[in-house]
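Residue numbers for the sequence shown, in the UniProt record's numbering: 1 to 162.
The hints are simulated quantities; they were obtained by calculation from the structure and are not laboratory data.
One or more of the hints may lead you astray.
As a list, the in silico DSS-like pairs of lysine-lysine whose alpha-carbon atoms are at most 27 Å apart [said to hold, decoys possible]:
hint: 1; residue 1: K128; residue 2: K151
hint: 2; residue 1: K151; residue 2: K56
hint: 3; residue 1: K107; residue 2: K56
hint: 4; residue 1: K59; residue 2: K101
hint: 5; residue 1: K128; residue 2: K103
hint: 6; residue 1: K159; residue 2: K107
hint: 7; residue 1: K94; residue 2: K107
hint: 8; residue 1: K159; residue 2: K128
hint: 9; residue 1: K59; residue 2: K103
hint: 10; residue 1: K101; residue 2: K128
Simulated restraints, written as ranges between beta carbons of each label pair [what the hints assert, rightly or not]:
hint: 11; residue 1: R5; residue 2: E45; range: 36 to 46 Å
hint: 12; residue 1: G137; residue 2: E106; range: 16 to 26 Å
hint: 13; residue 1: S146; residue 2: L117; range: 16 to 26 Å
hint: 14; residue 1: G137; residue 2: R5; range: 19 to 29 Å
hint: 15; residue 1: G12; residue 2: E45; range: 41 to 51 Å
hint: 16; residue 1: W142; residue 2: R5; range: 28 to 38 Å
hint: 17; residue 1: V134; residue 2: E11; range: 27 to 37 Å
hint: 18; residue 1: Q7; residue 2: E148; range: 33 to 43 Å
hint: 19; residue 1: G137; residue 2: D70; range: 21 to 31 Å
hint: 20; residue 1: P126; residue 2: K59; range: 18 to 28 Å
The structure presented is a predicted model; accordingly, all values stated were derived computationally and were not measured.
Positions of the beta carbon are idealized from the N, C-alpha and C atoms, including for glycine.
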Amino acid sequence: RSGRRLQRYNEGIRLVVGCVPYRITNNASTSTSTSSSSSSSSSVEDLEVLLISSQKSPKLMFPKGGWELDEDIELAASRETLEEAGVVGSIGGKLGEWTFKSKSQEKFHRGSMFSLLVTEELDHWPEKIQRRRVWMGVNEAWEACSDEWMKEALDSFVKRFT
């Protein structure tokens with residue numbers, strides 16, 4: 001999908017949605033038993049999150065984009081993550097909502113972020129040519145993430161595992 005004709009706005013503020021895509025690596029465990037995706041069975045050390053490059057710069061961020069009128073919020077977050085990062089998975093709970101200035105710093109956006117347990121990485125996806133994706137540990141991701149509000153979303157995500 002492209003264009004902003006079907007985008008949601010609230011009092012002039014563009015509504016965007018995205019995900020903190022993650023996988024459980026079980027680095028701290030040598031067990032061969034089936035791992036659970038619940039936060040009670042995994043620690044932060046067992047997690048990697050996926051960041052993507054911006055379309056116009058090398059800065060790293062979580063996938064996010066416009067929430068369209070014909071979608072519910074979870075579907076929009078999953079769609080944006082597929083389009084930008086080329087991953088699909090199980091969407092989790094809402095991590096929070098943040099208001100931030102757009103790239104141009106002229107307009108405000110309100111972003112809602114969700115966790116997404118990645119179940120598949122695609123070889124081909126809509127924005128593959130424009131973006132690179134990078135898996136990294138939570139602490140490294142916090143340092144690499146360029147937007148303060150996305151760091152706060154990552155903090156909210158981490159709290160679910162501590």
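Tested hints:
{"no.": "1", "hint": "K128 <-> K151", "result": "holds, 24 Å"}
{"no.": "2", "hint": "K151 <-> K56", "result": "holds, 20 Å"}
{"no.": "3", "hint": "K107 <-> K56", "result": "holds, 18 Å"}
{"no.": "4", "hint": "K59 <-> K101", "result": "holds, 16 Å"}
{"no.": "5", "hint": "K128 <-> K103", "result": "holds, 21 Å"}
{"no.": "6", "hint": "K159 <-> K107", "result": "violated, 30 Å"}
{"no.": "7", "hint": "K94 <-> K107", "result": "holds, 24 Å"}
{"no.": "8", "hint": "K159 <-> K128", "result": "violated, 31 Å"}
{"no.": "9", "hint": "K59 <-> K103", "result": "holds, 12 Å"}
{"no.": "10", "hint": "K101 <-> K128", "result": "holds, 26 Å"}
{"no.": "11", "hint": "R5 <-> E45: 36 to 46 Å", "result": "holds, 44 Å"}
{"no.": "12", "hint": "G137 <-> E106: 16 to 26 Å", "result": "violated, 35 Å"}
{"no.": "13", "hint": "S146 <-> L117: 16 to 26 Å", "result": "holds, 24 Å"}
{"no.": "14", "hint": "G137 <-> R5: 19 to 29 Å", "result": "violated, 39 Å"}
{"no.": "15", "hint": "G12 <-> E45: 41 to 51 Å", "result": "holds, 43 Å"}
{"no.": "16", "hint": "W142 <-> R5: 28 to 38 Å", "result": "holds, 35 Å"}
{"no.": "17", "hint": "V134 <-> E11: 27 to 37 Å", "result": "holds, 35 Å"}
{"no.": "18", "hint": "Q7 <-> E148: 33 to 43 Å", "result": "violated, 23 Å"}
{"no.": "19", "hint": "G137 <-> D70: 21 to 31 Å", "result": "violated, 37 Å"}
{"no.": "20", "hint": "P126 <-> K59: 18 to 28 Å", "result": "holds, 20 Å"}
Hints 6, 8, 12, 14, 18, 19 from the earlier list are contradicted by this structure; the remaining hints agree with it.
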